[in-house]
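Participant: Heads up: the protein sequence lines correspond to chains A and B, in order.
Reading the first sequence from the start, the letters are residues 1 to 174 in our numbering.
Reading the second sequence from the start, the letters are residues 1 to 291 in our numbering.
Worth flagging that the hints you see were computed from the coordinates, not collected in a lab.
Backbone N, C-alpha and C fix where the C-beta goes; we use that ideal spot for every residue, glycine too.
One or more of the hints may lead you astray.
With the C-beta cut set under 10 Å, the calculated list includes, among others, these residues of chain B facing chain A [stated by the list, open to error]: (1) K31; (2) L32; (3) T35; (4) G63; (5) D76; (6) D91; (7) G132; (8) I135; (9) S185; (10) Q215; (11) G218.
In the EDC-like style, the derived pairs of lysine to aspartate or glutamate whose C-alpha atoms are separated by at most 16 Å in a straight line are [claimed, not checked]: (12) K278(B) / D137(B); (13) K226(B) / E37(A); (14) K88(A) / D76(A); (15) K115(B) / D103(B); (16) K278(B) / D77(B); (17) K226(B) / D148(A).
Derived CB-CB ranges, DEER-like [what the hints assert, rightly or not]: (18) A48(A) / A126(B): 41 to 47 Å; (19) A59(A) / L283(B): 56 to 62 Å; (20) R149(A) / G210(B): 41 to 47 Å; (21) L181(B) / A123(A): 37 to 43 Å.
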Amino acid sequence: MKTALALGVLTVAVAAMTHRVAAQTPAPAPAWAVPGEEVVDPYAVSDANAGATPLADRAVFEAFHGKAGIDRIIDDLVDRSFTDPRTKDIFVAFDRVRIKRTLSEQVCHVLGGGCAYTGRDMAAAHKDMGLVGSDMNALVENLQLAMDREGVPFGAQNRLLAKLAPMKREMSTR
Amino acid sequence: MRIFHSLALAVASVLALAGSARAADLRPQSKLLLTGGVSNVEGAGGGGLASWATTTGYGAAQGVGANLHATGAKLDDYELRSWGAAAGLFDRVEVSYARQAFDTGKTGALLGIGKGFTFHQDIWGAKAVLVGDAIYDQDRLLPQIAVGVQHKNNDRDGLVAALGARSDKGTDYYLAATELLLAQSLLINGTVRSTAANQFGLLGFGGPNGGRSTQVEGSVAWLASKRLAFGAEYRSKPDNLAFARENDAVDVFAAYALNKNLSVTAAYVDLGDIATFKNQRGLYLSLQAGF
Ligand code: HEM
Numbered sequence: 001m002k003t004a005l006a007l008g009v010l011t012v013a014v015a016a017m018t019h020r021v022a023a024q025t026p027a028p029a030p031a032w033a034v035p036g037e038e039v040v041d042p043y044a045v046s047d048a049n050a051g052a053t054p055l056a057d058r059a060v061f062e063a064f065h066g067k068a069g070i071d072r073i074i075d076d077l078v079d080r081s082f083t084d085p086r087t088k089d090i091f092v093a094f095d096r097v098r099i100k101r102t103l104s105e106q107v108c109h110v111l112g113g114g115c116a117y118t119g120r121d122m123a124a125a126h127k128d129m130g131l132v133g134s135d136m137n138a139l140v141e142n143l144q145l146a147m148d149r150e151g152v153p154f155g156a157q158n159r160l161l162a163k164l165a166p167m168k169r170e171m172s173t174r
Numbered sequence: 001m002r003i004f005h006s007l008a009l010a011v012a013s014v015l016a017l018a019g020s021a022r023a024a025d026l027r028p029q030s031k032l033l034l035t036g037g038v039s040n041v042e043g044a045g046g047g048g049l050a051s052w053a054t055t056t057g058y059g060a061a062q063g064v065g066a067n068l069h070a071t072g073a074k075l076d077d078y079e080l081r082s083w084g085a086a087a088g089l090f091d092r093v094e095v096s097y098a099r100q101a102f103d104t105g106k107t108g109a110l111l112g113i114g115k116g117f118t119f120h121q122d123i124w125g126a127k128a129v130l131v132g133d134a135i136y137d138q139d140r141l142l143p144q145i146a147v148g149v150q151h152k153n154n155d156r157d158g159l160v161a162a163l164g165a166r167s168d169k170g171t172d173y174y175l176a177a178t179e180l181l182l183a184q185s186l187l188i189n190g191t192v193r194s195t196a197a198n199q200f201g202l203l204g205f206g207g208p209n210g211g212r213s214t215q216v217e218g219s220v221a222w223l224a225s226k227r228l229a230f231g232a233e234y235r236s237k238p239d240n241l242a243f244a245r246e247n248d249a250v251d252v253f254a255a256y257a258l259n260k261n262l263s264v265t266a267a268y269v270d271l272g273d274i275a276t277f278k279n280q281r282g283l284y285l286s287l288q289a290g291f
């Protein structure tokens, strides 16, 4: 895991350096990317980008049915976000494959599941989207529906929401 | 109860309003279920007895929300009814109106004012959020804080004066702090109120024992699910009149949101002694319809 991460950081760093000259040829995909994922502009990879410290108590991660449960929830959430009339126009221009992977990593990391988060920080990821409070509420509602579908108890759902809620300040105006 | 009938009619017009708010791209119904509180006894967004720092309805920072409510409480010797309307604007401001009816029923005859004698009161309210975001500031201890005003006008001027009240009109000012502890699924509210109201104003304002004083309100609610909350509340009241003692009020409640258009609150309230009749307790039922 560690070596893969180091390798990845290296790839990103190299990509950053060669970015100008190699503008025509796409940068190689980092080690953690999944098939079908678009390559994004380089950034510094760090768990701190997840925007919240992990929960110490494993019970919540287990209530989410581990990484497999989180994958199902995020799959559902992201699919809902791409079809919900309240959010689809924001999502349409972006890479569904990557969002699913990084969002699932983030939730797993925050719930103390031991996953590394390899995505961008919340301010960078949502820059220029013009997100407002009602976008956030729409996403939270869809996340609640996805967690309900996975059978996550309401109290455990709220443990995650309490971690995610303050991130609103990083990504939206109000 | 009669008031619930006229509510049905009013719901239709509110829903039509919701449609036009959507057409105007005001993003209605974008807040999460129950997060505006329900309509309390004075028509403000809160619990049953307390006014909270949240704004009513389902309009978030970019939208407006509005609702109508009808409430009835059957106490041992009296009946309290109320209906009203409220709107929340941009998650910052709330305006409300409520009309309360305090029906003395058979007790009216025993009090010598006539069977079915009913006091009415109009309450005009406004509330503004000063700081904080109860829902999203989960990493901060600072609660959402709001200031509010409620202007009350009683229609039984002569009688409340005869009972010893100094006025049939009065204005309450309050400061409310609401904190949602999401990780614990708990909502906590504390409010301080400056008021001279006797029995919420239904028996006038001020009296031989005093005028304006500072009173407190507290609510604790446990969120059992997205739609269902259970809670308990306490509210202190002045004791200004000489002919009868006034006590503090408590309630336990359950609030259920069927969806963003309809919620029901059921409570068991204890308003204490009212006009010499002891221990006025009973069932409180409130319907709220809006967007
Ligand atoms: C607490 C709430 C939210 C969290 C935790 C969150 C988390 C994330 C994460 C982890 C990523 C991936 C970053 C990366 O791949 O480097 C992402 C990207 C994205 N998010 Fe969010 N997000 C939230 C709210 C929202 C909302 C409200 C919207 C819009 C309605 C939104 C729209 C997007 C879009 C379109 C992307 C793709 C950006 C890109 O690929 O460049 N997010 N979000």
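Participant: Could one say that the CB atoms of A48(A) and A126(B) fall in the range 41 to 47 Å?
Facilitator: Because 43 Å falls inside the window, the suggested range holds.
Participant: Quick one, is the G132(B) hint okay against chain A at 10 Å, beta carbons?
Facilitator: Interface hint status for G132(B): violated (12 Å vs cutoff 10 Å).
Participant: Take the C-beta atom of R149(A) and the C-beta atom of G210(B), compute their distance, and say whether it sits inside 41 to 47 Å.
Facilitator: The hint (41 to 47 Å, Cβ to Cβ) is violated, given that R149(A) and G210(B) are roughly 57 Å apart.
Participant: Next item in the hint list is G63(B). Is there a CB on chain A closer than 10 Å to its CB?
Facilitator: 6 Å, holds
Participant: Are the Cα atoms of K278(B) and D137(B) separated by 16 Å or less?
Facilitator: Measuring from Cα to Cα gives roughly 44 Å; hence the hint is violated.
Participant: Min Cβ distance, K31(B) to chain A: is it shorter than 10 Å?
Facilitator: Since the shortest Cβ distance to chain A is 6 Å, the answer is holds.
Participant: With a cut-off of 10 Å, does the beta carbon of Q215(B) approach a beta carbon of chain A closely enough for the hint to hold?
Facilitator: Q215(B) check fails; min Cβ-Cβ to chain A is 32 Å, beyond 10 Å.
Participant: If you draw a straight line from the CA of K115(B) to the CA of D103(B), is it 16 Å or shorter?
Facilitator: Holds - the C-alpha atoms of D103(B) and K115(B) are around 9 Å apart, at most 16 Å.
Participant: For the pair we were handed, K88(A) and D76(A), check the Cα-Cα distance against 16 Å.
Facilitator: Since the Cα atoms of K88(A) and D76(A) sit roughly 14 Å apart, the hinted pair holds (cutoff 16 Å).
Participant: Hold the hint about L32(B) up to the distance rule: shortest CB distance to chain A must be less than 10 Å.
Facilitator: 6 Å, holds
Participant: Under the criterion of a CB-CB separation shorter than 10 Å, is I135(B) in contact with chain A as hinted?
Facilitator: Since the shortest Cβ distance to chain A is 7 Å, the answer is holds.
Participant: Tell me if the beta carbons of L181(B) and A123(A) are separated by a distance inside 37 to 43 Å.
Facilitator: Since the Cβ atoms of L181(B) and A123(A) sit about 26 Å apart, the hinted range of 37 to 43 Å is violated.
Consistency note: the structure conflicts with the earlier hints numbered 5, 7, 10, 11, 12, 13, 19, 20 and 21.
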